[in-house]
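Going line by line, the protein sequences match chains A and B. For the first sequence, the working numbering begins at 9 and goes up steadily by one. For the second sequence, the working numbering begins at 4 and goes up steadily by one.
Careful, some of the hints might be misleading.
[To be verified] Calculated lysine-lysine pairs in the DSS-like style (CA-CA distance at most 25 angstroms, straight line): (1) A:Lys-45 to B:Lys-22; (2) A:Lys-64 to B:Lys-423; (3) A:Lys-64 to A:Lys-45; (4) A:Lys-12 to B:Lys-423; (5) A:Lys-12 to A:Lys-35.
To be clear, the hints were calculated from the coordinates, so they are not data collected in a lab.
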Amino acid sequence: MISKDYIITSPQGIHARPATTLIKLTKNFKSTVSLKKNDKLVRLNSMLNILSMVIKGGETISIIIEGDDEIIAAEAIDLFFTQQLKEL
Amino acid sequence: MNGIGVSPGISIGKARVIKKVQIALTGILLKDEVSIAAEVERFDHAVNKAINEIEFIKQNTSLNLHEEDIQILETQIEFLADPQIREDVVEKISFGKRNVNDAVIEVIGNMVNVFENMDDEYMRARAADIQDIGNRILKHANLSDHTHAQQFDPDTIIIAEDISPSDTITMGKHVIGFATQAGSKTSHAAIIAKAKGIPAVVGCGDGLGAINNGDIVVLDGAIGLVFINPDQQLIADYTKKKAVYIESVNWLRQLKEVKPITTDGTKITLMANISGADDMEDVFDNGGEGIGLLRTELLFMNRDSFPTENEQFEFYKKVALQSKSKAVIVRTIDIGGDKQLSYFNLPAEQNPFLGYRAIRICLDRTDLFITQLKAILRAAIFGDLKIMLPMISNVQEVREAKNILALAKNELLKENTAFKADVELGIMIEIPSAAITADILAKEVDFFSIGTNDLCQYTLAVDRMNEKITHLYDPFNPGVLRLISNVIDQANKQKIHVGMCGEMAADPLATLLLLGMGLTNFSMGAAAIPVIKNIIINNDLSTAKRICEEVMHMDNSQNIIKYLKEFTA
Numbered sequence: 009m010i011s012k013d014y015i016i017t018s019p020q021g022i023h024a025r026p027a028t029t030l031i032k033l034t035k036n037f038k039s040t041v042s043l044k045k046n047d048k049l050v051r052l053n054s055m056l057n058i059l060s061m062v063i064k065g066g067e068t069i070s071i072i073i074e075g076d077d078e079i080i081a082a083e084a085i086d087l088f089f090t091q092q093l094k095e096l
Numbered sequence: 004m005n006g007i008g009v010s011p012g013i014s015i016g017k018a019r020v021i022k023k024v025q026i027a028l029t030g031i032l033l034k035d036e037v038s039i040a041a042e043v044e045r046f047d048h049a050v051n052k053a054i055n056e057i058e059f060i061k062q063n064t065s066l067n068l069h070e071e072d073i074q075i076l077e078t079q080i081e082f083l084a085d086p087q088i089r090e091d092v093v094e095k096i097s098f099g100k101r102n103v104n105d106a107v108i109e110v111i112g113n114m115v116n117v118f119e120n121m122d123d124e125y126m127r128a129r130a131a132d133i134q135d136i137g138n139r140i141l142k143h144a145n146l147s148d149h150t151h152a153q154q155f156d157p158d159t160i161i162i163a164e165d166i167s168p169s170d171t172i173t174m175g176k177h178v179i180g181f182a183t184q185a186g187s188k189t190s191h192a193a194i195i196a197k198a199k200g201i202p203a204v205v206g207c208g209d210g211l212g213a214i215n216n217g218d219i220v221v222l223d224g225a226i227g228l229v230f231i232n233p234d235q236q237l238i239a240d241y242t243k244k245k246a247v248y249i250e251s252v253n254w255l256r257q258l259k260e261v262k263p264i265t266t267d268g269t270k271i272t273l274m275a276n277i278s279g280a281d282d283m284e285d286v287f288d289n290g291g292e293g294i295g296l297l298r299t300e301l302l303f304m305n306r307d308s309f310p311t312e313n314e315q316f317e318f319y320k321k322v323a324l325q326s327k328s329k330a331v332i333v334r335t336i337d338i339g340g341d342k343q344l345s346y347f348n349l350p351a352e353q354n355p356f357l358g359y360r361a362i363r364i365c366l367d368r369t370d371l372f373i374t375q376l377k378a379i380l381r382a383a384i385f386g387d388l389k390i391m392l393p394m395i396s397n398v399q400e401v402r403e404a405k406n407i408l409a410l411a412k413n414e415l416l417k418e419n420t421a422f423k424a425d426v427e428l429g430i431m432i433e434i435p436s437a438a439i440t441a442d443i444l445a446k447e448v449d450f451f452s453i454g455t456n457d458l459c460q461y462t463l464a465v466d467r468m469n470e471k472i473t474h475l476y477d478p479f480n481p482g483v484l485r486l487i488s489n490v491i492d493q494a495n496k497q498k499i500h501v502g503m504c505g506e507m508a509a510d511p512l513a514t515l516l517l518l519g520m521g522l523t524n525f526s527m528g529a530a531a532i533p534v535i536k537n538i539i540i541n542n543d544l545s546t547a548k549r550i551c552e553e554v555m556h557m558d559n560s561q562n563i564i565k566y567l568k569e570f571t572a
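Chain B on its own, in the form it takes in the complex (with noise of 0.2 angstroms):
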């Protein structure tokens, strides 16, 4: 059965079937003013019991309550202590006549009803806590079903139409799952199943609705699977997946919070490279400290014509606001070379990787240039963004980029449109003469990032694509090394920022040799961060630089990969 995976992990467990208590409209008037202060009171004290047994879930310490838990409980006490839902309430008892029991059914309907409604997903999901606090002053109100914290068997996976959040928060060890027939990966239940680690699986539908108590459930939290007395094999293979799950998790969590610091002390940033704001939550979950390459390729593709400023700017600015106050360093436009847009009539040509593309595009058409550095500008109000030009080769376009730059941001002032004016400015270095005249471009720019797919290419003359000659794109070939060194050199030197975000920064073989040319930023895809950072805390600077050594004085790449194998091994 499908679902929706909200909590990622595997359970395999007893069913148990929680069906929910009706609550129905009693359908009494009341008949006298005494009756309806009665009723007022009893209103209150409900709504005071239901805070003091928050309050009480709060404290208790044998929950091990995690700081998400915490804070969803202190919510639902605002929720229920709400003014406007008492004020309604109240009303509802004092004209309506109706007993408490029939007007927080009505109240907490009504409002139920909105949320449902409203366009936002996160708002919609809201509904469910506040059905959760109404049902939480019925129970307090109707003293007669006072119902007890459940208890559950060892290794219990609930099945239940909907789960609220306050059932997630008290269910205690024994339960390892749940799956739900509603629910959103935005409801407080999913948000607390995964702070919890639980494996949850939620919008499965009615089907739920044949699972019988005890019967065997495997769940698959990530993809959102629920399997029903599933035969021996799959049990098996489930039970082998969910090992492979727990180590991993546990390798991640454990290095997810460890800093990335060589034994010796130095520090070193690892950043992730992205597409846009999706790809965020991965980059902090494996211990990103920011986006050190922001592609805007997205942007451009899939479409009929150029997106407007504020079609760019809302796509940085959903970046910048996700970014908690981390550097992220967008670049600007590099289509052409094997990145066509359909709209954008580029003529072919015989060597588009030596062509018209990247910032040789943008200082020619300085229309699509100023709209992106205008929307770049922007956002980064809301955010650490940097601009960074892919293709230089020399110091005249970063020169004329940074005039266009100057224009962007006089059209901004005279639009009286609010933008961030000191934007730090750096270069793609991925053509070999930027690699060689790093002295003279370091004097121009805030930071240098080093693209080793392009320069690789470009300085082996080996195209990408061309499987005939694979062999010879060598990232270790000698003359790509010694550009590399002499690019962090000059950085180094004249104290500019300088990071790597081309593949050889998520290269294991890499890291040591990189570490002792004197790198300390680099960016990559998010999965490839725990492993570089292993590397990273478990070595020190000095090996690194006597590695690097080494490695500069062997004349060919076979002996360099070689000799850099036994280190990471």
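Next up, chain A with everything else stripped away, as it sits in the complex (with noise of 0.2 angstroms):
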């Protein structure tokens, strides 16, 4: 298992947008992968639960992965996190 705190650094936070993004890059992966922020825990795949978070610019978050690609998984969401993220 992989965990990782990330603090986002697009102004709007994870709106629509990077929220589709993020679903579509996991999909990539077999390793289960979720997001943690105030002991709230949900499943990176759905829109709808990541949106009921409500991840605005500034906070933390954990990302959890769990699973055989892990190593993989976890590099292409830390680029995710902190590059690709303040483009959205």
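Put the two chains together into one complex, using the hints given.
Below is the structure:
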């Protein structure tokens, strides 16, 4: 299991567009990817669940990845949160 | 009628009223396992058909979809394929014995309810998206009401209770505007209207119900006005307004993507002066490439006490987050002079502009200064923030400020708070002594920003506020020009950045002269950016240098202004 914290660097936070990209991204991997904010945990496969977390710019969230390909999944997700998110 | 203008522009056309198809519960309960399995299958089938339909819209090149449209459609696909929705619907069918119609209505209804009650405006607006995908699933589940893409006459203005994102995308070219009873600025329909350049007014309320098919409607999508069957005079006025608007939009759009480069390839940076995060959208709309001056006065004004470090942090962070990784120059406290605070008792002075103000207060009240510096250093994690000190008159002030900056960093280290350590430090050049000693100051800082307003009034000993002597306030005075030229020369010689954030940077008369002096960074009110850019892209540096040389040999501003006017005509 890999767990890592991220500060959300996009001003609008995780709105529909980044959520869509994130779901599409996690679909490429077999691992189960979850997102945690303030002790609330959701799977990263549902738009509704992600949006209902209301993740705003500047907030800190944790990503938890578990599965056979967790290392490459973690790399891709790391790239998403550290670089791509700003441009979405 | 008033509403919220969400997409600027003016449309004059004929109304087409769209009424929503009512969806209703059937109240039917399923009897056996076979019908339960059949209903689950019907749901999956409906979802697949809905997804295929959106994929089809996505690939329909005749709709001329924008990047925004495609992204919204992809979001809709993710909503439709959402495992949470399926799980809830299947549960309602299996255990609640509901048919697809009722299960979807209930599940979507609950979710819409949850989103409508969120305390975040953006998330509340998502309720409409969820309703939209619910309707889409229902449409495909209930084969009977198979609706085809709507056909519209040319110049149609759609009047509706609410418009779904997918309706907006498939509207086609005959629809020239829409007005809705419900909706908000962040609804996807509004975003798409803006991307397509269709004027739109939302949130008009019940009054919209008075409009009938074929009524003449005039929309002003910028300020949110709807006129029903207006008189000829109003139509004539708005026809004129529309022409003016279209011309200015075309001009702006043309210039927005153009880089400010002179005809011989010199890159110029055009930035904006702002007072807070709310001004940022305007900056990028006008093609600004960063913030040359973030005034921080707003933070301190209209309140009863100094803002805390966290309040300031939030203010700077908001700007940093929206800066698209472009530079943001934050000017530290510039109160005193004509800017007074009710809770900070500054005794009346005989010459407030020559008195206790700006950096002079900061170096005296280090507690206030450290609080601000800490907040800026912390927010710099979220964007390329730089610190700029106003009212510097000598090098000791810069060194003192640097010591205090080091103290601020030390405090943050001790508190174990995250911050960016290598934030650039620059100064405003607005006092003649600073302009004259630019060679000395350049060794101490990362950048200069020339504040022409104060530099001009201090150099010429002219009170900007005194109406009797306004004719003496003259940035083209050869004395002022020599000072500005010296600052630019020294900065370029010592390879530090130099910009200008005073009013002169926005004066088309001065642009070529300043270019000729070697200035490559201009910061101004966002609205002036296209005007200055237009001058830059139509001239070359050698012309600018020649103009500058000529001007520097003239002995009075009257001749200088006359000469410069020949080049801007």
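Which hints from the list above does the structure break, by number from lowest to highest? 1
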